[in-house]
Structure formats: structure tokens, C-alpha cells
Amino acid sequence: MTSGEVLENQYTERAREAADQLDHLLARITLKDQQALQQLYQKVAGKLNGIAMKLLNDADLSNDVLQETFLQIWNNAGEYRRDQGEPMTWMASLLRYRALDKLRAEKREQKRRNQYEEVQSLFGKNEVGSPVLGILQQDTDNKLRQCLETLDALNRNAILMAYYYGYSREDIAIHVEQPINTVKSWLKRGLTRLAKCLGH
Amino acid sequence: MPGPLRYQNPELQDLLASNYVTGTLRGSARKRMETLMRENRNLRDRVRQWEDKLQPLHSNTPEVAPKKSTWDNIASVTGVAADPMLATLKKKLNFYKYLSGFAFACTLALAVLVLVPAAPQPAAINYVAVMKDDNAKPTMVVTLTQAGRVLALDMLEKPQVDQNQKLQLWAVSKVDGSISSLGEISVEKHIEKSLTKPQWGLISDAEYLLVSLETSPGVSRPSDRVLAKGLCVKVEGWQSKTG
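Residue numbers (the numbering used here), protein chains in the order written: chain A, 1 to 200; chain B, 1 to 243.
For the record, the hints were derived by calculation from the structure and aren't laboratory data. Ideal placement from N, C-alpha and C gives every residue a C-beta, glycine not left out. Some clues are possibly wrong.
Computed footprint of chain A on chain B; a stretch qualifies when at least three of its residues, placed anywhere within it, have a C-beta under 8 angstroms from a C-beta of chain A [unchecked claim]:
hint	region
1	54 to 64
2	168 to 178
Below, computed lysine-lysine pairings styled on DSSO-like, alpha-carbon distance capped at 30 angstroms [as the list claims (entries may be wrong)]:
hint	chain 1	residue 1	chain 2	residue 2
3	A	Lys43	B	Lys67
4	B	Lys234	A	Lys32
5	A	Lys43	B	Lys174
6	A	Lys102	A	Lys184
7	B	Lys166	B	Lys189
8	B	Lys132	A	Lys32
9	A	Lys47	B	Lys174
10	B	Lys197	B	Lys166
11	B	Lys137	A	Lys32
12	A	Lys196	B	Lys31
13	B	Lys234	B	Lys137
14	A	Lys32	B	Lys174
15	A	Lys32	B	Lys189
16	B	Lys189	B	Lys158
17	B	Lys31	A	Lys47
18	B	Lys68	A	Lys43
19	B	Lys67	A	Lys32
20	B	Lys193	A	Lys102
21	A	Lys47	B	Lys68
22	B	Lys31	A	Lys184
23	A	Lys32	B	Lys166
24	B	Lys234	B	Lys189
25	B	Lys189	A	Lys43
26	B	Lys174	A	Lys102
27	B	Lys68	A	Lys32
28	B	Lys132	B	Lys193
29	B	Lys234	B	Lys174
30	B	Lys158	B	Lys137
31	A	Lys43	A	Lys32
32	B	Lys234	B	Lys132
Okay, chain A solo, but in the shape it has when bound:
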């Protein structure tokens, strides 16, 4: 076994232990264990709030969404099943869908001009880095990264703007100054190719 493989195994083992801990906490929350909720909050609230901030670009709204998500976890932890996904994926999905609802309710989709600089880095227009670029540039073993790399840059960036930054199709069209039908085609083509590459 190479040193790279050893490191990868250690990373996988650590990731599994972390997921096991979250799974146990969710199981205890199903039984309305309040200490477990507090422990879960201490472990994941920062990360979830970070994800919400990327989508909403607003500290008040992201904290609102975080709060709503934790109450949803408190009430619905029993719906989580480990065999259907990792605990962090389940919680992040709950949060993302709430954030997307909030985007619509608050009609904030046109109010994100100061985030454009980071998003523009996706298109290679300047040198500003972003966490998504970090994935694309560094994590060479990641299957998702490999598949995203095979996509046309416009298709890929449209997917990232939607998923990571919460842009609607209309927002993307405004940002890249293209007709909305063009953006729809990018998304459709990009997602279809991504699905094939990921082996759906």
C-alpha cells in the first residue's frame, strides 16, 4: 500500500467515525434527547451556517434558516436513514431547501451584487478564489471534481452558480448577460452529462 493510499484510508476512516457520531446524535434526538441536540449543534452549526451564507449572502437570513433547520431536525430526526445517505448530506439538504424557499420569499435574488466577484472567479475573469474553485483545483481524487472538469465551462459554472450560490436561472441569465433559454440549455446539458459521468 502506498503512503497516499494509507493517508486516504485514514481520511476515510476518520470521515466514517465522524458520520457515525452524527448518526448516533440523530438517533438520540429522535428520542428527544436535548443534550444530543446541543452536541449536534456544536458540531455542525458553523458548517451549515457557512452553506446558508453562500446561498443567502445575508447573516440574518442564514441564522434564521439555521434555526429553522435545527427545529426541523429536532422534530423529524426519525426520518433520517443512514442507508439512504450520510447524516451531513441529510442535514445540509434540509438547510439548502429551506434557504431556497427563503430566497424566493425574500425576493433577494437580485440583491447579491457584492457576491459577484467571487462568482466571477468561476468564469476566470479575475484572480479571486472561492471554496468551489478549491475543490476544482485541489481535490484531484474527487469523482465529482473529475466529472465537473469534463463539462463545458459555461455548463459547469451555471451548475455551480445554482447549487453553491443559490442563483435562479433568471439570476444566472442576468449575471452572464445571456437569454434565459441559453442558461436553461447549459443547465440541462451540463446536468445530463454530469449524471452520465457520475454513473447514475
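Starting from the known structure of chain A, fit chain B onto it as the hints suggest.
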């Protein structure tokens, strides 16, 4: 293709699922998708696949510390003590709660000893769990005897269980909170079963036991329909007289 059949098309399902997860499905289209997902398991599975595949994009997302008020609000709704002093007080109150549970178990066991005629050479009980429902009403009593590793469960009230449902007994570890099954139990006034050695290990490690209502056999964790739950209290020198 008619509406419902149209949604059986795998390519359409995948496109809908990917648009739902990336967030480009908005407004009424998003609501329609959520209705479809409730009825269509394949669609739900595809959504989960996409959630799983795209989640690594968040691995480098920087953490952002939430406001203090966010946890305070969550704590006030869920009843978690937000203030450290309150937490300490709650711990002390928990001690009395455990003590009262223990006292109830003692009373119940003494009542059993007094009311039931003596049987020859009864085995000593090692653990007792008085199982209560959501309204804190005792509905079952579990006693565990190390000799022969016998688990006895007495139902003070038989729960309503449909034909396709089963009761399952679980042990919740006091060490790491993990939940392990002790197997299915039938709906009878008195049940006795022998535990394996690993199952006895779960008992000695248990903070509390619970009984859940399950529709699928062999599940790895309880559903959210918990019928009864009780602290697993270690006792010494009690004699089993139930049954």
C-alpha cells in the same frame, strides 16, 4: 404520455431530481416536485443520489459562527437549557428524576414481592426498567436476570398494534448513545426471553430501554413511534416473582 406515467421515465426523473437538488426548480414547480416525490419512490431515490453526489462541493465551504441568539432561540423552543447555570440546575433535577424513577421501580418490585405468593428459589433480578409512555404513565416493566440471561417484560397496558406492525425492544448505550436492537417482542401480558451474551452486554451498558412500533422487519434503528421508554436501573438482591 399521461401525467403519472410520464414521471416513470428515468431520464425525466433524473432531470427533475438534478434541477430540484441544484435549486433551479423554483416556486410552484418546486412544490409540484415535492408532491411527486411523496408519491414516487424512484424520484425520491434519484433526489438522494444527487444530494449525495453534489455534497462534496461543500467540503471546503468555510464555517461561519452562528449568532448566539440562534442557539438561544432553538434552546427555548426545544427546552434545552441555554444558560450554563440552568444546565447545572437541570442536571441536578435530572438526578431527582432518576431517583424518583428508581423509587417507583423499588415500590413496584416490593408490591410484586408482597402481593404475589412466594415461589421456590426465585432468581435475583439485576436490572429493572419501568417503561413509560409519552404522558409519563408506566405501561411496561422490564426485569433482567443475569442467571440464564433472562429478560421478562410485563405489559401493564397492551398497546394497539396493527397486523402489519411489530413491537421492537431497544437498548440505548450510556457510553456513546448508540441504539441496539434486543429483538421483536410479542403483544402479551408477560413475555420471557433468553438473551445472548452480546445482548446482555448491551443491557449492562444501557442507559435506558425503549419499545418502538415498526412496520419493516430487521430495521437498524427505531422509528419515531416510540411507545415506551424507561431508565435501565441496576439493582441487587431482588427476587423475580412476576409471570
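Evaluated hints:
no.	hint	verdict
1	54 to 64	holds (count 11)
2	168 to 178	holds (count 4)
3	A/Lys43 <-> B/Lys67	holds, 15 angstroms
4	B/Lys234 <-> A/Lys32	holds, 23 angstroms
5	A/Lys43 <-> B/Lys174	holds, 20 angstroms
6	A/Lys102 <-> A/Lys184	holds, 22 angstroms
7	B/Lys166 <-> B/Lys189	holds, 15 angstroms
8	B/Lys132 <-> A/Lys32	holds, 14 angstroms
9	A/Lys47 <-> B/Lys174	holds, 28 angstroms
10	B/Lys197 <-> B/Lys166	holds, 24 angstroms
11	B/Lys137 <-> A/Lys32	holds, 17 angstroms
12	A/Lys196 <-> B/Lys31	holds, 27 angstroms
13	B/Lys234 <-> B/Lys137	holds, 21 angstroms
14	A/Lys32 <-> B/Lys174	holds, 15 angstroms
15	A/Lys32 <-> B/Lys189	holds, 28 angstroms
16	B/Lys189 <-> B/Lys158	holds, 7 angstroms
17	B/Lys31 <-> A/Lys47	holds, 27 angstroms
18	B/Lys68 <-> A/Lys43	holds, 15 angstroms
19	B/Lys67 <-> A/Lys32	holds, 24 angstroms
20	B/Lys193 <-> A/Lys102	violated, 52 angstroms
21	A/Lys47 <-> B/Lys68	holds, 15 angstroms
22	B/Lys31 <-> A/Lys184	holds, 19 angstroms
23	A/Lys32 <-> B/Lys166	holds, 22 angstroms
24	B/Lys234 <-> B/Lys189	holds, 23 angstroms
25	B/Lys189 <-> A/Lys43	violated, 43 angstroms
26	B/Lys174 <-> A/Lys102	violated, 39 angstroms
27	B/Lys68 <-> A/Lys32	holds, 22 angstroms
28	B/Lys132 <-> B/Lys193	holds, 21 angstroms
29	B/Lys234 <-> B/Lys174	holds, 13 angstroms
30	B/Lys158 <-> B/Lys137	holds, 13 angstroms
31	A/Lys43 <-> A/Lys32	holds, 18 angstroms
32	B/Lys234 <-> B/Lys132	holds, 18 angstroms
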